[in-house]
Every structure is written in C-alpha cells, then in structure tokens.
Amino acid sequence: MLISEIRDYLGQFFGSVELHGSSDGVISGPGKIETAQPGQVTFVSNEKYLRFLDGTEASLVIVGQGVDVEAYLGRTSFIRVGDPYTAFMLLLQKFYKPRTIAGPGIAATAVIGRDVRLGIGVSIGEYAVVGDGCSIGDNSVIGPHSVLLHDVAVGSGTVINAHVTCYDGTVIGSRVIIHSGSVIGADGFGFAPQEDGSYLKIPQLGIVEIGDDTEIGANTTIDRATMGSTVIGKGVKIDNLVQVAHNCRIGDHTVIAAQAGISGSVILGKCCMIGGQVGFAGHLELADRIQVAAKSGLSKSFPDAGIVLRGTPAQPMREQLKQEALVRSLGSMKERLEKLEVVLSLMKQD
Amino acid sequence: MLISEIRDYLGQFFGSVELHGSSDGVISGPGKIETAQPGQVTFVSNEKYLRFLDGTEASLVIVGQGVDVEAYLGRTSFIRVGDPYTAFMLLLQKFYKPRTIAGPGIAATAVIGRDVRLGIGVSIGEYAVVGDGCSIGDNSVIGPHSVLLHDVAVGSGTVINAHVTCYDGTVIGSRVIIHSGSVIGADGFGFAPQEDGSYLKIPQLGIVEIGDDTEIGANTTIDRATMGSTVIGKGVKIDNLVQVAHNCRIGDHTVIAAQAGISGSVILGKCCMIGGQVGFAGHLELADRIQVAAKSGLSKSFPDAGIVLRGTPAQPMREQLKQEALVRSLGSMKERLEKLEVVLSLMKQD
Amino acid sequence: MLISEIRDYLGQFFGSVELHGSSDGVISGPGKIETAQPGQVTFVSNEKYLRFLDGTEASLVIVGQGVDVEAYLGRTSFIRVGDPYTAFMLLLQKFYKPRTIAGPGIAATAVIGRDVRLGIGVSIGEYAVVGDGCSIGDNSVIGPHSVLLHDVAVGSGTVINAHVTCYDGTVIGSRVIIHSGSVIGADGFGFAPQEDGSYLKIPQLGIVEIGDDTEIGANTTIDRATMGSTVIGKGVKIDNLVQVAHNCRIGDHTVIAAQAGISGSVILGKCCMIGGQVGFAGHLELADRIQVAAKSGLSKSFPDAGIVLRGTPAQPMREQLKQEALVRSLGSMKERLEKLEVVLSLMKQD
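Residue numbers (our numbering), protein chains in the order written: chain A, 2 to 351; chain B, 2 to 351; chain C, 2 to 351.
To be clear, the hints were calculated from the coordinates, so they are not data collected in a lab.
Hints are supplied without guarantee of correctness; some may be wrong.
Just so you know, same-sequence chains aren't split out, so a pair can sit in one copy or run between any two.
Mimicking DSS-like on lysine-lysine, the simulated pairs with C-alpha atoms at most 25 Å apart in a straight line are [as the list claims (entries may be wrong)]:
| no. | residue 1 | residue 2 |
| --- | --- | --- |
| 1 | 301 | 323 |
| 2 | 33 | 301 |
| 3 | 95 | 301 |
| 4 | 301 | 202 |
| 5 | 271 | 98 |
Whole structure, please, built from the sequences with the hints as guidance.
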C-alpha cells in the first residue's frame, strides 16, 4: 500500500489529512513505534511516546496536531490527523488478514440435526455439531468442534470460534463474536438446601440471550436463567474467563474485563466498565456508566450513574482513596498518639 | 396442567395444601412474580415480594401461612403451603423439559476404545471419545465432544455434558453432573526448582475421585493428585471456573461458588460454603460447616466448625467486621487526634 | 523394582547413597508417609513429617542426613541421600506410567489441512483438526479434539492435550506441555470507544509465541498481540485458569499460579513467582525474580529484582506486613485515643 493510498483512505474518515514527506513509499504493515521496521507504519498518540520518534525506523508515522515533524522528514513520512489513534486502528483493519475459522459451506464432518434452518453463506467447521431445531443466520460461521445443542438461534454475520458450547435454547444476535472455549447457557448454580445438609437441584428452565454486536472472550461462562433469560445487551464486550451467573442482565455497551465474576441476578446498566477480577454479590444493581476498578468487590447497589467505584467493599473512588490514604498514614498516627501519651504523662507528673 | 393437578402434586410433599380460588385454570409454566403472564404459576416466599401481589398477572400464586389473599381472589388462585419456595422448586422440576445432550445409544461418530464396559441405557454423543479400559454405568450420558482418556470410571445416572475432558484414571460417581468445558484430572502444578533457575516437572501419578450426586460447573478445573487422589466428596456443588488443585479433599455437601481457588492439599470439611473468588493458601484445613465470604483470602487453617470467615487474611466475621468498622472510622480518629494535639499544645502554652 | 535397584538408580544422581536395612524387598510404587502401604516407597524431607516414621507401613523410606533410623530397621529399609525430596521426585518419574493421549500415528478421524508438515513420530488424536500450513515437529503429540487453526507451528517433543485450541499463527516451542481446554491466541481485548458509546474492534494482528519447556495448565487463556507477539518465555510454568492478555511478555522460568490475571502489555522478568489470583494493571513491568503473594493486586511497576510483594495495591512485603499489623492494632489505638481524651478532659476540669 502506497503512502499516498493511506492518505486517501484516511481521507474518507477525517476532514483534514496532511501528508509531510514522501508519498510514494510502500507500506507493508503496521508496527509499534519502538520496534517498527522500514516499510511499516506506526503512530504517536500519547505524548510519552514522542521520545521514540527520533529513533524509529518506520517509514510512515501517523501523528496529531502539535507534533513537530520537521526534524525527521528526511527518512520518515508523516500523516497528520485529528485523532491518530483511531486513524491507526482504521489502518489495522486495512492490514488485517482475516482468519479462516471454517471453510465455505458445511464441512463433511459436521453433524447437522433435524429441522435446522441455515441462512445463505453459512460456514460450519469440521466436527461442529448443530442440534435439532437450530437456526443460523446468513454469513455466520460456526467454528470447528463447536457444539450447539438443540433449539439454538444464531443471527447473521456472527462468528462462533472453535470449541464453543451453546446449551439448548440459547439465542445469539447478529455480528456477535464468541471466542473458543466459552460455554453459553449451562445451568445456573441453584440448589435448595435440605434439612439433612444435602441440596436439591433447582431446575434452570431459562435461557441466555446475547445481543447484537457483542464480543465474548475465551473460556468465559454465561449461565442460563432459572426462569426467563440471562440477558447480555447489545454491543457488550466481555473478556476471557469471566463468569456471568444466572438471571443477570448486562446493559448495552458495557465492558467487562477478564476474570470478573457477576453473581446471580445482578443488573448492570449501559456503558459500564467493569475491571478485571471484580466480584459482585448477588442481586445488586448498577446504574449506567459506572466504572469499577479492577479487583473491587461490590456488596451493595449503586443507583447513581457515572460514578467510579473501587475497593472491597467497593465505594466511590474519592472516599476509597481517602480511606486508603488514611491506612497508609497509620504509622504516623501511631507515632503522634505515642507522643501525646508521653507528653500527657509528663504533664501529670508535674 | 390444571390448578387442581398442581394441588394434588404438592399434596405428595406437604401435609397441608390449601387451594383458594378457582381450581380449573390451566397452568402452562412458571414465571417470576414481577413478569408472570396469565396461565403461569409463581410464588411469594420473601416478604419483600408481597408488594407485587397486587399487580401480578399470574393465574396461580404459591404462598405461605399468613399471607392475606382475599383481596386478589377474583383473578388469581392461590395455593397455601408451609414452604412455598420448596413447593415452587418442585413445580419447576415438573415443568422442566429435559435437555437432550445425546440421543439414545452410541452415536455413529463416537470413538469407543478397547475393553470398554458400557451399562444399560448409556448415551454417548457425537464425536465423544471414550478411551481404552473405561467403564460407564447404567443410564449415564456422555455429551458430544467429551473426551475420556483411558481407564476412566463413570457411575450410573451421571451426565457429562459436551466438551468435558477427563484425564486417565478419573473416577466419577453416580448421579453426577459435569458441565461443559470442565477439565478433570489434568496434572497438578508441581515443579521442583533447580539450581539453574529452571524447574523439574514432578510427575503427577494420582487421580481425581468425584463422589455421588456432585455437580460441577462449566470450565472448572480439578487437578489429579501427585500420589493418591484429589477427592471431591458426595453431594458437593462446584460452580463455574473454580480451580481445585492437586491433593485437595472437599468434604461432602460442601458448596464452592464461581472462580474460587482451592490450592494444593487443602482439606475442606463437610457442608462448608465457599464464596465466589475466595482463595486458599496451600495445605490449609477447614472444619465442617464453615462459611467463607466471597473474595476472602485464607492464609491459615480454622479448626472450629460452623464459623463464618471474611477478609484477607480471613478471620472470623465478628473480628473482621470490627476491623472494617475501625478502618472506616479512621477519618474521625485522625480528627480526634488532631484536636488532642491542639488542646495539649494550648495547655502547654498556659 | 528391588530396593537395591532403587539404590543403584539414585546412585546415578547422588554422590552418596546409603542403604540401611534389607536390599531385596520389592517396591511396587510410591506413597505418602501417612498412608503408604507395604511394598511402597516414601520419603521424609521436612522435619515435621518425622513423627510419621514410627507408624509408617512403607517398605522403604528415603531420608536425609541426621535422621536416626536405627529404631525402625526391623520392618523398614532406608536410603539416605543428601536431598531426599529430589530423590523421591526422581523415583516418581521412574514409577510414572505414561498417559496415552493419542495412539501412534495419525488417527483416521483427524483432519489434516493442506501444506502441513509433520515430523517423525508425530501422534495426532481422534478428531483433532490441524489447519492449512501448520507444522508439527518430531515426536510431538496433538491430543484428541484439539484444534490448530491455520499456520500454527509446533516444535518437537511437545504435548498438546485434548481440547486445546490454538488460533492461527501460534508458535509453540519444543518440549512444551499444554493442558486441556486452554485457548492460545484468541483476540486480545481491544476496543476503541466511539462517541455514541459503542466500541470499534481493534484488529488483533499479532500472534502468541510460547518458548521451549513451558507448561500451561488447563483452561488457561493467552491472547494474541495487537501487533507482534505475546511472548511466553522458556521454561515458564503457568497453572490453570490463568489469563495472559495481549502483548504481554513473560520472562524465562517465571511461574504463575492458578487464576492469576496478567493484563495487557505487562512485562514480567525472569524467574518471577506470581501467586494465585494475583492481578496486574496493564502496562506494568516487574524485574527478575520478583515474588508476588497470592491475591495481590499490582498497580505500579517494580524495577528492583528479587523483592517480595503483597497486598492491594501491592507493596514490598515488609511495608505491607507493617501496614497490616497497624490495621490490626487499630482497636488498641482507638482505646488509647479514648483514654487520652478522658485524661485531658479531667485535666481541663482541674
């Protein structure tokens, strides 16, 4: 791809795209500014990476306003746009060589049940099992070794990677990506304690519904509802090894980082950001746009949208940071206390 | 199912079952009291849900003693029993439409090794692999794509869902349920440090034994013992994404919530309840009926049965709550300290 | 195996191997000192296990210097070496009956893509899928149901257990062990927030590289880099359910315990030891030989090699223990504060 072609491509997205330096170099791929090779394009978005400009071997660097590029023009070309980060992401999409998860059509080794409806352009990989009564929308891909039990509905343009399991009745939207090893719709963890100390299994009659444009990482588990649906909203992004328990409702465009655990019947608002290894007690509710710092443990609901939480038990960031500072000041508090005791005992002796 | 049939069904379990209202409505399924539709049955067990009685569209509500139903009798019928929660769980079992994990018999695509003993009524799903020397008891189900390496023994009435892996030698009891993606019997994490900084793998010669009536969630890992067995007792309930390391022994009817991590050689008593994301240091021992609050980190053994633990490092609930309250009071302690300092400095000036 | 043969075998590794007692007993396997049966060999390395010497039924016990064995010589034989722990590990290797993951050669049900290079002695299990352009080195084993997407390179002597997924482009060294359910090379969790609250997927163009002699546990996830490689060094040992995010670099011989989460772009030095359930914020860097206590949460980099960290946010062990002791002393601090207040108020009344 010529530098001039990159300029033209970015021109589709940005009002102003300035090229400084040669326009006829060939760019073969992207690189990080620290390690980019000749022939690669990189970018600087964060000021702390400006120091690498001097040594980079990249042939093209995407920069923002206010970066002085004059000194480097001899060996490197520059494209200046309003948002170099997004520009670079758009370039990555251009260079991305799509993965082949399954060949076109239905692999000879796939097992397709009765009453299965398949859309146009569906790919089903080697050894995939699609149970009775499933429907798969146009252009969706079912990876090798994935298992859809009976009555699973998948929208169009969805990619289910290898080794995914969808239990019976799961409903998956369009343009969803599910990574390998994830298990959708296993039984919720519900048991009624009996007098002899044993447990009676509570049947889990519900299903899981996953909204359009959602991405689910590897080895994540989302349990079916006891009744009704566990609901993952639209555009939700869930990382690897996340647990979403039965009856949860995750609002649209909420992001959940790796190893977080969402206990049963928790309701998360829209556009929340949940950090890695965060845990929730059951039945809590978070308003929209709440951010929870990694490793926090939530023990109550928070109805105010847009706040930032941290700690175990989690509280608004300001209070939590104040409390952490107080804990760090404990040593000096103890010293001051000892000093007061000494002063007082001396005074009493007077 | 007619309301009168539900009354008769519950009469098998409860001494007193009172029907208030019409007995001839048809009930098609269960629902939550907030969202139940006409034709559905729901229940009220917790007082805080009584407020939904007024607006519910359910045709039948299971209630306990002391709930005044007179006002609603026109449109809704009621069944009154001693324990409406358990009554509803029993009804759920009645309405539960069993999932088909594998068709009857052995799928044509399943691979069965040499010297495999299969009981009566065993189902083995598509592409399942059952290694040499395995035995599977009557009426057990091996889900599609599950892999049993050699010499695995499975009891009767056990359900192994899709995509489960059992390493060689695993012993699984009867009426056990294992959910998709779980890995039973992988090597324990044992390495002997060498002088050059590298590690020598310690062979893991043992196995995993899983007791009767146990349920294991999705994507959980239970490692084989170095020698002897990692033992999961009878009636144990383990949630998703739980780690049980080598040489652990989990007592009967103990419950372990999602993402908890049980380190090597930990011994848990009977009827313990371990919260989500709890972690254990290795070689600890808990007595029977101990409860551990979610996210706690245990660094020592607790020999007293029935206590409740919380915090990191975990301590008995009362001490932990006291300590947490003290931490929350740090701000006021600091103010009081400052006030004392001021008073004292003024006194000294006198 | 005769006791005399065990003596001779250990003589290959230790300068001094003393046999006390009979040399002609037959040893059939290893056992723990508490539960060993006649015909088994066990060991005592830690002093606190010496108390079991009196009651053990083992026929042979490996001991170190300074253990007085005279009293037990009638019924038990002893071998004395400098390092009884390592001696016993070496014996375990001798008794270890290797697991059969896949039969010799390529299973009839395996699907091998185009342009695949297979070394000598490769085993590929039932239903394994090896995509186009993969290469597998001599004597490596691909377990049943494992899926290698296209262009995966595996070294020699490597064992990939059942149900492993390697995404396209993954590079795996020699003598690596990967346990079941692990997912190598899924997309990193990268999304660019858009003005309407939705997210744009950032293409993940990179791969995962896994060094020689590494072992990776069950259901662990290692994400591919956005650009370049996520790198797992040589001799690294990773436990079950661990998350390694995109762009991480894990130094040689570093050990990571179960359920730890390594966020994006974290760099760990060599020979670090990361405890279970530890979490890292993104982009942190740890020097060599740093140890992190279980459940800690790291929020900053630590450039000093060899230190021990603990807590959330993690700090050097000494400071953290001091802080924890101060928190535990809060009750007495409060009492002292109250006492001072009383004394002062009395003084003022004077």
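So, going through the hints one by one against the coordinates:
1. Taking identical chains as interchangeable, the C-alpha atoms of residue 301 and residue 323 lie at most 25 Å apart whether they share a chain (20 Å) or sit on different chains (19 Å).
2. When the C-alpha separation of residue 33 and residue 301 is checked against a cutoff of 25 Å, the pair qualifies only between copies, where the shortest distance is 22 Å, while the shortest distance within a copy is 42 Å.
3. With identical chains, the CA atoms of residue 95 and residue 301 are never at most 25 Å apart, being 45 Å at best within one copy and 35 Å at best between copies.
4. In the homo-oligomer, the alpha carbons of residue 301 and residue 202 never lie at most 25 Å apart, since the shortest distance is 27 Å inside one protomer and 32 Å across protomers.
5. In this assembly of identical chains, the alpha carbons of residue 271 and residue 98 never lie at most 25 Å apart, being 32 Å within a copy and 33 Å across copies at closest.
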